[in-house]
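Protein chains: 2
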Amino acid sequence: MSDVVSIDPRTGQAVEVVARETTTEEVDRLCSAAQAAAGGLEALGRDGRAALLRALADALEDRREDVVAVADRETALGPVRLNGELTRTSYQLRLFAEVLDEGSYVEAAVDHAGDTPMGPRPDLRRMLVPIGPVAVFGASNFPLAFSVPGGDTASALAAGCPVVVKAHGSHPATSQVVFDILAAAAEKAGAPAGTLGVVHGVQAGADLVAHPAIRAVGFTGSVTGGRALLQIIEQRPDPVPFFGELSSLNPVVVTPQAAAERGATIGTELVGSFTLGGGQFCTKPGLVFVPTGADGDGVVEAMAAAVREAGAPVLLNEGIATAYGRTAGRLADADGVEVLASGAQPTGAGFQAAPLLLTTAAADLPHEVTEECFGPLAVVARYDGTADLFGALAEMPSSLTATVLRGQGETELPLAVSAKLRPRAGRMIYDAYPTGVAVSWAQHHGGPWPSTNSQHTSVGTTAIRRFLRPVTWQGAPADLLPPELTDDYRGIPRRVDGVLELPR
Amino acid sequence: MSDVVSIDPRTGQAVEVVARETTTEEVDRLCSAAQAAAGGLEALGRDGRAALLRALADALEDRREDVVAVADRETALGPVRLNGELTRTSYQLRLFAEVLDEGSYVEAAVDHAGDTPMGPRPDLRRMLVPIGPVAVFGASNFPLAFSVPGGDTASALAAGCPVVVKAHGSHPATSQVVFDILAAAAEKAGAPAGTLGVVHGVQAGADLVAHPAIRAVGFTGSVTGGRALLQIIEQRPDPVPFFGELSSLNPVVVTPQAAAERGATIGTELVGSFTLGGGQFCTKPGLVFVPTGADGDGVVEAMAAAVREAGAPVLLNEGIATAYGRTAGRLADADGVEVLASGAQPTGAGFQAAPLLLTTAAADLPHEVTEECFGPLAVVARYDGTADLFGALAEMPSSLTATVLRGQGETELPLAVSAKLRPRAGRMIYDAYPTGVAVSWAQHHGGPWPSTNSQHTSVGTTAIRRFLRPVTWQGAPADLLPPELTDDYRGIPRRVDGVLELPR
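Chain order of the listed sequences is A and B.
Everything in the first sequence is counted per UniProt numbering, starting at 1 for the first residue and increasing by one.
Everything in the second sequence is counted per UniProt numbering, starting at 1 for the first residue and increasing by one.
Think of the hints as simulated: they come from the structure by calculation, not from any bench.
Any given hint might turn out to be false.
As the list claims (entries may be wrong) - Label pairs and their computed distance ranges (CB to CB):
1) B:332 with A:501: 50 to 56 Å
2) A:79 with B:114: 44 to 50 Å
3) A:228 with B:391: 32 to 38 Å
4) A:501 with B:391: 22 to 28 Å
5) B:187 with A:483: 35 to 41 Å
6) A:17 with B:203: 34 to 40 Å
7) B:432 with A:490: 37 to 43 Å
8) A:479 with B:272: 24 to 30 Å
Stated by the list, open to error - Straight-line distance between alpha carbons at most 25 Å, and here's what the computed SDA-like set of lysine to any residue pairs gives:
9) B:420 with A:192
10) B:420 with A:420
11) B:420 with A:35
12) A:420 with B:10
13) B:420 with A:188
14) A:188 with A:39
Quantities reported herein were computed from a predicted structural model and do not represent experimental measurements.
In this text, a Cβ means the ideal position worked out from N, Cα and C, and glycines have one as well.
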């Protein structure tokens with residue numbers, strides 16, 4: 001098998017050999033170990049797994065400097081962002097520990113035996129149990145928060161599922177360092193051997209998804225990559241759930257009133273959002289609807305000015321940089337599209353890319369601009385009245401987010417725009433920007449296809465639901481029930497005979 | 001297009017032409033109407049949809065005699081069973097009205113803006129919204145409870161999703177009569193036009209699943225049928241969730257202590273369960289593990305005696321009767337399998353089938369007996385000690401149910417058996433039989449593949465979750481929020497800043 005090489009995106013040069021690609025036999029061994037660990041991880045119980053998650057967070061924090069250094073060298077995302085990302089990563093591990101403490105997530109329900117209009121009903125008790133070993137595919141653009149120790153891993157471990165991570169080829173060294181930290185901490189915290197595994201290489205990823213021990217897949221990446229994994233899953237004797245986040249356009253609508261009130265501010269802030277992290281966010285605003293006329297011109301002029309001031313970010317890897325150049329060229333060349341402004345040009349070293357701002361007319365929206373362009377590019381679509389705008393919104397693909405920038409106290413147009421966009425979005429944002437996805441109880445990061453997280457989220461506490469499945473016990477003696485379903489248990493919210501009861 | 005013909009399974013003769021197969025253009029029209037109805041159905045709100053569901057239940061009850069008569073003529077299931085099924089159907093419509101009244105199902109969560117270890121958090125509010133129009137495939141074996149007005153339809157309408165039903169070819173007349181009753185009642189109750197639709201024919205079913213307006217599919221049927229629909233879904237530009245219940249073996253373990261204490265009773269009751277409804281239940285116990293030795297012999301002798309007394313049921317249609325004969329023959333001819341007993345032989349008229357009891361050794365379980373045989377057949381696998389038993393349980397496919405028949409107060413072996421079976425089952429049953437699936441809050445009817453309801457249920461109140469998806473509103477003014485997410489709303493349980501609060 002080939003070497004797994006870590007590349008410095010600032011120079012484009014190979015820096016070190018991290019590992020060799022994981023063989024099919026090694027994948028099998030890791031998946032079998034994960035399978036063997038499943039019972040023990042579940043048996044730790046909610047308290048034991050909460051302690052495990054906190055131990056993982058502590059271990060990551062203890063090695064913050066080492067982790068940030070290797071991640072910065074390998075991704076060029078910079079220490080400020082990467083320190084923030086590590087904070088986010090340990091925060092979400094600890095938040096899932098709180099989810100375990102609180103316990104609602106098991107959806108415990110007890111129906112005592114009794115009579116119903118359908119006749120006698122047996123004693124039925126339902127709760128969610130771990131789905132089994134989970135394959136997690138690390139994302140290129142979040143080496144910590146959506147990779148080895150990210151939201152998928154944290155939520156799967158919280159659920160009680162062993163995890164085998166496919167390290168992203170963009171940051172294998174970071175993945176391996178972080179894996180070693182977590183694996184050591186997990187062992188020390190009493191997790192069964194096999195609770196965590198890591199694999200490297202494209203074939204290893206395919207082997208992982210096909211492995212019979214794997215019961216669910218979490219993936220962040222391209223539509224092409226996601227479709228390829230879906231095909232492998234469909235060919236399994238037992239297809240398993242696939243939770244993929246595959247791309248997102250993230251449309252933004254600036255209302256005429258918002259443009260009139262604060263057009264210049266909006267323009268500057270939009271550029272800040274779409275160039276953040278080199279434009280390599282799944283929530284990057286890719287298409288911005290701006291009214292025609294002087295107020296809209298103010299938005300666009302501020303955007304153009306900010307783009308001209310923008311440096312050329314180093315993108316994560318050669319593939320992303322090449323795809324960016326190709327996609328940006330296709331968009332710029334599409335019928336009816338013009339270049340408004342570009343930022344600093346690459347200086348030749350590493351995987352740099354020039355920020356780009358394009359414009360077109362909403363009334364005749366070219367198909368090309370409804371596709372995601374991963375990197376520091378946005379398209380402005382000018383609309384002349386609501387008919388123009390609504391016609392274009394009807395062409396929008398589904399996205400993780402949709403944003404409305406309103407005037408002060410404005411509701412009528414924002415409501416109409418929301419009605420068009422909500423069926424196509426997972427998160428509706430008002431008077432803010434889509435980049436930045438808080439980890440919290442009420443967060444949702446998903447949406448209709450191209451997210452296959454259509455019914456579940458990959459960010460926030462409810463992400464745990466992806467790695468659980470219901471089981472009902474009928475007529476079970478107390479000795480055979482999970483503690484949460486026994487009559488006297490009062491530690492978590494439960495639904496008893498249809499009535500939700502808080503713990504006491 | 002061809003005629004849709006209603007056949008009497010008791011005679012095998014065509015009785016009437018119900019309709020013509022629905023054309024691709026008609027499917028498109030119905031799906032577009034469903035799409036157009038989606039906003040209005042959601043706008044009815046929880047109260048309006050609860051009233052709608054109750055009106056549908058009342059309308060069904062009002063026409064009970066007509067419905068049961070046509071269903072009996074078309075399915076041969078008999079008036080007792082069909083009256084019970086109608087009661088179940090109206091009960092579950094009313095139960096979903098209670099789900100709407102109670103309101104937990106929207107999973108409302110409010111995170112107020114504030115500071116976190118990750119920095120400031122915006123105001124985030126999450127709840128579940130209707131996924132959009134749903135395609136429901138009626139089941140052959142439940143002409144009411146899993147067909148036009150069944151659990152899929154009830155839960156989808158409750159969620160706020162318009163429904164287009166593919167009528168099962170086994171009972172088109174029942175489907176059409178019931179559809180006409182429901183459609184009239186829905187209109188009278190103020191549901192938007194297009195809330196309900198029905199199509200006939202195999203091609204119409206395929207067209208339905210491929211239609212862009214359809215956002216989820218509920219299906220009960222064969223693995224082959226389910227795989228075919230999954231392929232259509234994967235070829236959509238936007239694959240949608242598929243909730244299929246595709247087959248189930250439903251293993252039963254009789255412990256030595258249970259066999260010793262009440263072997264004869266168990267044997268008789270098992271035959272009652274596997275021949276109920278002609279053995280045409282997805283929860284039919286297909287494989288029964290019985291200990292070797294005299295106590296186990298007592299179970300098996302009682303089973304054989306009961307089978308010899310059993311009449312030859314009329315199966316639902318020619319395809320099922322033919323498949324039953326073929327599968328029963330293959331199982332009986334498999335290496336190591338012997339015929340223990342058979343019931344009454346078909347008299348020649350209609351789609352009758354002879355009940356059949358087979359036996360084999362658990363230590364050398366033939367692959368054939370791990371497949372579902374739809375109809376009045378069960379296999380007894382004799383085990384000689386726990387090593388034999390556990391080895392065989394490791395070969396079990398996943399099922400909707402797994403059953404343990406224990407001795408009085410016995411826990412050790414039942415616990416060990418449960419540990420083997422729970423990863424392969426949606427419902428664990430103790431000291432009862434799997435046929436009979438109560439509709440309640442704590443019910444689960446699903447499981448790992450071949451159920452694609454692996455994470456959700458098709459029976460019970462949580463079935464509604466299949467037809468919902470989360471949306472988060474960030475920084476939304478109160479005017480743009482659903483009522484359930486506004487600050488002062490107290491009508492349903494909500495999670496506020498991470499804390500679950502009951503309504504007041």
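Hint check:
1. For residue 332 (chain B) paired with residue 501 (chain A), a C-beta distance near 52 Å keeps the hint of 50 to 56 Å intact.
2. Distance hint check for residue 79 (chain A) and residue 114 (chain B): the Cβ-Cβ separation is about 27 Å, which falls outside the suggested range of 44 to 50 Å.
3. For the pair residue 228 (chain A) and residue 391 (chain B), the supplied restraint of 32 to 38 Å holds, since their beta-carbon distance comes to about 37 Å.
4. At about 43 Å, the CB distance of residue 501 (chain A) to residue 391 (chain B) disagrees with the hint of 22 to 28 Å.
5. For the pair residue 187 (chain B) and residue 483 (chain A), the beta carbons lie near 50 Å from each other, so the given range of 35 to 41 Å is not met.
6. Under the hint 34 to 40 Å, the C-beta atoms of residue 17 (chain A) and residue 203 (chain B), about 56 Å apart, miss the expected range.
7. A C-beta distance of roughly 27 Å is found between residue 432 (chain B) and residue 490 (chain A), which places it outside the suggested range of 37 to 43 Å.
8. Range check, residue 479 (chain A) to residue 272 (chain B): Cβ separation about 28 Å, and the 24 to 30 Å hint holds.
9. At roughly 19 Å between alpha-carbon atoms, residue 420 (chain B) and residue 192 (chain A) fall within 25 Å of each other, so this suggested pair holds.
10. Pair hint residue 420 (chain B) plus residue 420 (chain A) does not hold up; C-alpha atoms about 49 Å apart against a cutoff of 25 Å.
11. Under the criterion of a C-alpha separation no larger than 25 Å, the hint pairing residue 420 (chain B) with residue 35 (chain A) is consistent with the structure, at around 13 Å.
12. Between residue 420 (chain A) and residue 10 (chain B), the direct Cα distance comes to roughly 53 Å. Violation of the 25 Å bound is thereby established for this hinted pair.
13. Taken as a hint, the residue 420 (chain B) and residue 188 (chain A) pair is broken in the structure, with Cα atoms around 29 Å apart against an allowance of 25 Å.
14. Our distance criterion of 25 Å between C-alpha atoms is met by residue 188 (chain A) and residue 39 (chain A), whose separation comes to about 18 Å.
In this structure, the hints that do not hold are numbers 2, 4, 5, 6, 7, 10, 12 and 13, in rising order.
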